[in-house]
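Participant: Sequence:
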Amino acid sequence: MNKRDLPVHAARLLLATGLLAAGPAAHALTLVSTQPGGNDLAVVLDGSRIGIDLSLRTTGSASFQLSLEAADVGQWLPFNAVIAVAPGQALQALRVSLQGAAFAYVGTVTPAFGALAGIDGDDTRQTLRFQPAEAFGVDLGAPFAQAGTQDWLLAPASGLQAGDRFTVTISAVPEPATVALMLAGLGVAAWAARRR
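Residues 19 to 214 (this note's numbering) make up the sequence shown, in order.
Just so you know, these hints were derived from the structure itself, not from any lab. Any given hint might turn out to be false.
Distance ranges between label pairs, derived from CB positions [unchecked claim]:
1) Ser85 with Phe131: 31 to 39 Å
2) Ala89 with Pro150: 13 to 21 Å
3) Gln149 with Ala180: 37 to 45 Å
4) Ser176 with Pro105: 41 to 49 Å
5) Glu87 with Gly56: 29 to 37 Å
6) Gly177 with Ala133: 35 to 43 Å
7) Gly181 with Arg143: 23 to 31 Å
8) Ala89 with Thr52: 18 to 26 Å
We put the CB at the ideal spot given by N, CA and C, even for glycine.
Put together the whole structure using the sequences plus the hints.
Facilitator: And the structure:
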């Protein structure tokens with residue numbers, strides 16, 4: 019998927035979750051900013067529902083910041099995502115982190131071909147591990163309203179009011195061998211620079 023395809027994928031995500039079919043709703047959340055981190059990221063809002071279409075092209079984190087409206091204060095916010103993996107790569111683990119909000123409910127995780135090996139985390143961070151690694155993509159929640167799937171629910175932090183913001187960050191977690199190889203490469207580069 020390239021940047022030209024994002025509006026098409028976002029519209030498909032909306033239609034799949036039934037948001038377009040229901041007609042326009044009064045927007046309760048406001049998208050403040052996105053930081054794709056070299057990935058393709060589309061954020062779709064409908065009222066207090068959050069839909070994400072993300073293609074992981076790099077190991078960089080993709081994040082977005084939302085502003086609460088009065089209708090969101092004290093409410094759980096449904097969250098669904100369609101996450102694709104770049105061709106030739108495999109997703110060992112995926113991390114979803116929150117700042118200014120907490121996970122009220124961790125919903126369904128549906129890998130395309132791999133298998134979910136486990137979920138661990140706390141109120142503000144969830145790490146999803148796949149075994150075997152996922153080479154195509156994963157759905158969080160119920161983006162296509164499949165039978166038996168459930169939305170993830172986000173709860174804005176207590177004390178937040180209308181106009182306050184929270185951030186969602188999604189990132190691929192590099193496998194330990196990749197991290198070790200990267201550190202070894204940095205060590206060799208530092209040694210070569212020092213030797214010069």
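Participant: Which numbered hints does this structure break?
Facilitator: Structure breaks hint 2 only.
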